[in-house]
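Use the sequences and the hints to build the structure in full.
Read in order, the letters of the sequence shown correspond to residues 1 to 237 in the working numbering.
No false leads were slipped in.
List of simulated lysine-lysine pairs, DSSO-like, C-alpha gap at most 30 Å:
#1 Lys177 - Lys46
#2 Lys178 - Lys164
#3 Lys23 - Lys36
#4 Lys164 - Lys209
#5 Lys65 - Lys178
No wet-lab data here; the hints were simulated from the structure. Since the structure is predicted, the reported quantities are computational estimates derived from the model, not experimental observations.
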Amino acid sequence: MKYFNNPFSLNTNKGKLQFNSAKMLSMFCCSAITMKFIGCLLDVIKEDEKAVILFVSRDGYFLYKIYREIEKVYDKHRLPRPIYFYSSRQAASIASIQTESDIQVLCSDLGELDQNNLKDLLDLRFQVDFSDEFNISVREALSIWGHDGLLRRVLIRKKEIFSKAKYFRQSYLKYVKKLQIERDNSIYLIDMVTRGTVSFSLSRMLGKKVHLIAFGGLSLPNKYIPEDDDVSLLFGN
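So this is what it looks like as structure tokens:
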């Protein structure tokens with residue numbers, strides 16, 4: 001390697017390797033971490049002959065490309081089929097709504113977004129136009145109504161929310177069907193840093209367990225990913 005092929009290569013920095021470019025950082029750190037993650041991924045799925053791996057767009061694109069290169073090397077040993085999975089977290093969330101409990105899950109993290117405008121959040125999250133009484137910050141809403149009071153106000157619109165969710169779910173399931181995922185396939189979802197939104201949503205829509213593998217989690221366990229869920233995180237939370 002050019003940074004170590006000269007006995008005097010470290011002399012300038014007193015024996016220390018100096019990262020002075022993004023390329024160096026990538027070569028010495030990012031590539032090693034990435035390959036460690038790929039190794040962990042293969043360890044998790046290697047015994048599962050029915051596995052299908054979904055690399056979530058857009059974060060999973062470079063991982064998907066690396067996996068395809070590994071397939072060329074191990075073509076004699078059949079690896080699980082990889083799929084680059086187009087998935088809007090927003091679309092997946094609303095498509096998963098089938099019960100009041102699902103609406104509650106999607107409202108569970110509002111307190112973490114207390115500076116945001118509540119109406120904007122709810123309009124986007126549920127694809128329903130909420131009234132101007134919601135045109136305040138999440139923090140103000142929680143101070144006035146409390147979390148339970150806010151949830152009751154959201155549930156007043158549940159019929160419209162269910163209708164929108166059904167439309168999104170039908171479209172989403174059409175896309176999944178095109179991917180030719182069989183009923184007996186084990187599904188592994190690959191993400192970077194996650195709250196578990198997409199794996200939760202996909203599990204609800206398909207009515208089967210979706211295994212989550214990621215570099216790290218955000219606030220796990222949570223309403224999306226309970227404590228006893230099957231999750232593999234390289235770096236934990």
